[in-house]
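Engineer: Generate coordinates for the entire structure from the input sequences, incorporating the hints supplied.
Protein chains: 4
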Amino acid sequence: MSEPAPLLTGHLDGAIRDGRHTMEVRVYYEDTDFSGIVYHANYLRFMERGRTNYLRLLGADHRSLFEETQDEAPGFAFVVRSMTIEFFRPGHMNDVLEIVTTPQEVRGASITLLQQCRRGSDLVVEARVRVAFVSGGKAQRIPKSLRLAMESGRSKVGAADAAGARRQ
Amino acid sequence: MSEPAPLLTGHLDGAIRDGRHTMEVRVYYEDTDFSGIVYHANYLRFMERGRTNYLRLLGADHRSLFEETQDEAPGFAFVVRSMTIEFFRPGHMNDVLEIVTTPQEVRGASITLLQQCRRGSDLVVEARVRVAFVSGGKAQRIPKSLRLAMESGRSKVGAADAAGARRQ
Amino acid sequence: MSEPAPLLTGHLDGAIRDGRHTMEVRVYYEDTDFSGIVYHANYLRFMERGRTNYLRLLGADHRSLFEETQDEAPGFAFVVRSMTIEFFRPGHMNDVLEIVTTPQEVRGASITLLQQCRRGSDLVVEARVRVAFVSGGKAQRIPKSLRLAMESGRSKVGAADAAGARRQ
Amino acid sequence: MSEPAPLLTGHLDGAIRDGRHTMEVRVYYEDTDFSGIVYHANYLRFMERGRTNYLRLLGADHRSLFEETQDEAPGFAFVVRSMTIEFFRPGHMNDVLEIVTTPQEVRGASITLLQQCRRGSDLVVEARVRVAFVSGGKAQRIPKSLRLAMESGRSKVGAADAAGARRQ
Chain Y
1 MSEPAPLLTG HLDGAIRDGR HTMEVRVYYE DTDFSGIVYH ANYLRFMERG
51 RTNYLRLLGA DHRSLFEETQ DEAPGFAFVV RSMTIEFFRP GHMNDVLEIV
101 TTPQEVRGAS ITLLQQCRRG SDLVVEARVR VAFVSGGKAQ RIPKSLRLAM
151 ESGRSKVGAA DAAGARRQ
Chain D
1 MSEPAPLLTG HLDGAIRDGR HTMEVRVYYE DTDFSGIVYH ANYLRFMERG
51 RTNYLRLLGA DHRSLFEETQ DEAPGFAFVV RSMTIEFFRP GHMNDVLEIV
101 TTPQEVRGAS ITLLQQCRRG SDLVVEARVR VAFVSGGKAQ RIPKSLRLAM
151 ESGRSKVGAA DAAGARRQ
Chain E
1 MSEPAPLLTG HLDGAIRDGR HTMEVRVYYE DTDFSGIVYH ANYLRFMERG
51 RTNYLRLLGA DHRSLFEETQ DEAPGFAFVV RSMTIEFFRP GHMNDVLEIV
101 TTPQEVRGAS ITLLQQCRRG SDLVVEARVR VAFVSGGKAQ RIPKSLRLAM
151 ESGRSKVGAA DAAGARRQ
Chain R
1 MSEPAPLLTG HLDGAIRDGR HTMEVRVYYE DTDFSGIVYH ANYLRFMERG
51 RTNYLRLLGA DHRSLFEETQ DEAPGFAFVV RSMTIEFFRP GHMNDVLEIV
101 TTPQEVRGAS ITLLQQCRRG SDLVVEARVR VAFVSGGKAQ RIPKSLRLAM
151 ESGRSKVGAA DAAGARRQ
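Chains as they are written, first to last, in our numbering: chain Y, 1 to 168; chain D, 1 to 168; chain E, 1 to 168; chain R, 1 to 168.
Hints may be right or wrong, so weigh each one.
[Said to hold, decoys possible] Computed Cβ-Cβ distance ranges for the label pairs, DEER-style:
id, chain 1, residue 1, chain 2, residue 2, range
1, E, 148, R, 108, 25 to 35 Å
2, Y, 141, R, 114, 43 to 53 Å
3, E, 141, D, 139, 33 to 43 Å
4, D, 60, Y, 17, 52 to 62 Å
No lab work stands behind these hints: they were computed from the structure.
Because the structure is a prediction, the values reported are computed rather than measured.
Here a beta-carbon is modelled for each residue, glycine too, at the ideal position from N, C-alpha and C.
Structural biologist: Listed below in structure tokens is the structure:
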């Protein structure tokens with residue numbers, strides 16, 4: 001917010017491939033509790049980082065369509081309306097978790113995202129998150145350009161999954 | 001953990017009445033984010049405090065039935081398996097939120113709790129939380145005494161709600 | 001911020017006695033890390049709660065002198081400029097810590113506070129915290145009324161300590 | 001802890017160059033508070049990530065000398081004994097901060113680190129952190145190999161600074 005985004009932050013922000021956003025998160029002391037594992041609420045922090053970077057990268061890829069909202073402080077953001085979470089396995093200190101964010105349903109005023117925290121091939125946590133789109137501090141209809149960007153992502157996810165299925 | 005529970009901590013731990021646990025939580029800087037409201041993941045911290053104190057008070061009220069588990073470090077605890085959360089209204093700096101925890105379904109190996117974060121008569125956040133019971137570091141069948149304590153709570157909730165309905 | 005402070009929150013906010021503010025804080029899961037003890041940064045959260053409540057109670061006790069600033073959002077606050085912290089003993093899950101805040105030096109534009117986290121007679125963490133006074137979003141000279149309120153506190157601390165010393 | 005460190009995590013862990021460890025940290029919602037800036041205690045989380053990764057990379061570079069301690073759970077770690085922090089400038093949402101960790105004094109039982117949080121050429125936060133070395137859950141004399149690794153780092157820092165000074 002305080003200055004233009006640095007040029008090379010892909011190592012921090014993750015990437016969108018086949019319509020899915022993935023990024024890696026290291027588990028530090030701050031993320032664990034005395035029972036020895038990651039404190040459950042901290043997965044929501046990891047998933048919010050994923051959503052923030054997903055929106056950041058969508059905005060970078062489709063700069064023209066985000067231009068009208070860019071002037072308004074504090075910019076645009078997702079706001080969580082509801083979520084369903086399952087905790088399958090414990091995460092541990094020093095784990096590198098992959099946070100995968102996939103758009104599931106894009107409506108006029110809300111978006112449902114599937115978010116997973118994975119460790120290698122293990123699914124650690126999975127959530128379905130319904131978010132509203134906020135710009136200039138207010139919930140708004142999702143801009144058509146953003147909706148198209150996310151929907152084109154969804155069709156790529158479908159195609160990639162189908163291709164993956166054929167390969168097996 | 002490090003020493004016996006202090007004698008007078010009711011002002012911190014809340015109370016169980018009519019089968020429901022309630023406690024108050026003040027919103028501090030640490031709980032908010034730059035959008036001006038409580039950061040969504042922090043309601044999970046508030047609700048975990050509610051569950052911890054609910055179990056603490058159940059244990060204090062039914063000391064004899066918790067005695068067998070008390071020797072095992074690090075004691076017994078609820079571990080969250082899944083939850084569904086709705087965010088209805090924003091919480092703000094300095095708010096005093098009431099965290100209300102009500103047992104909904106008590107099974108052999110898991111318990112479903114309804115948890116609400118209220119501000120006066122406003123419902124801010126509501127969650128259904130399925131927890132397993134862990135003692136000595138392992139998930140276990142819920143001790144019969146704890147199950148009875150929670151179920152007697154549930155019937156009181158039902159009776160209190162019915163009485164409330166009659167009064168209206 | 002969103003509504004008038006509830007009437008009876010002394011059990012949450014602690015109290016000012018002999019110029020010192022004290023409040024109790026329960027250690028929850030969220031405060032610990034996998035090494036089994038309180039994560040070091042979380043003592044700063046506890047001490048910030050102490051400062052916030054100290055200022056809240058000073059404001060309540062001296063309402064007339066805070067009236068001019070009360071209209072300005074987001075109100076007045078302490079902002080930390082520097083601090084020195086010593087970690088003497090580990091804090092543990094379920095501990096009840098007493099957070100003690102004592103004004104040490106009150107200058108025109110900054111205040112130095114001594115803050116301690118105590119468990120019974122044990123000193124767990126001690127910090128010297130230099131804060132600026134912010135109102136309406138900007139650092140300001142400390143209002144004379146606030147300075148007098150804190151200085152009268154300091155003289156009481158001195159008197160109480162001297163009385164305590166005489167008693168021994 | 002739960003599995004061998006993944007092979008390629010340099011983008012997460014930062015790097016040691018000229019005896020200094022540097023890594024980048026993105027500021028997310030979770031790191032800010034309603035005053036609009038980074039919550040002060042969260043810089044301690046950033047600096048702890050820096051220390052953890054500094055020790056991780058020292059261990060990877062000097063694997064033979066860490067071998068004896070590697071078997072002991074939960075491994076070796078720095079534990080903070082005291083710190084002095086100055087907050088020079090506010091950090092903001094979306095900032096990319098560089099966390100720079102430099103060994104300053106390496107003694108038998110404790111190490112003093114200089115840690116900076118930088119944004120471009122601006123110094124945001126600076127701390128001097130005295131840590132003890134813990135292995136197998138207990139404070140210990142710092143292994144000679146670790147001490148040599150850090151001291152060789154210190155001499156490189158000195159040489160690099162002198163070279164930098166000559167260039168100006």
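Engineer: Range hint 25 to 35 Å: satisfied by the CB atoms of residue 148 (chain E) and residue 108 (chain R)?
Structural biologist: violated, 50 Å
Engineer: The hint says 52 to 62 Å between residue 60 (chain D) and residue 17 (chain Y); measuring C-beta to C-beta, is that right?
Structural biologist: holds, 53 Å
Engineer: Determine whether the Cβ-Cβ distance between residue 141 (chain E) and residue 139 (chain D) falls within the hinted range of 33 to 43 Å.
Structural biologist: violated, 58 Å
Engineer: Does 43 to 53 Å hold as the CB distance between residue 141 (chain Y) and residue 114 (chain R), or does it fail?
Structural biologist: The hint (43 to 53 Å, Cβ to Cβ) holds, given that residue 141 (chain Y) and residue 114 (chain R) are roughly 50 Å apart.
Hints 1, 3, counting from the list given before, are not met by this structure.
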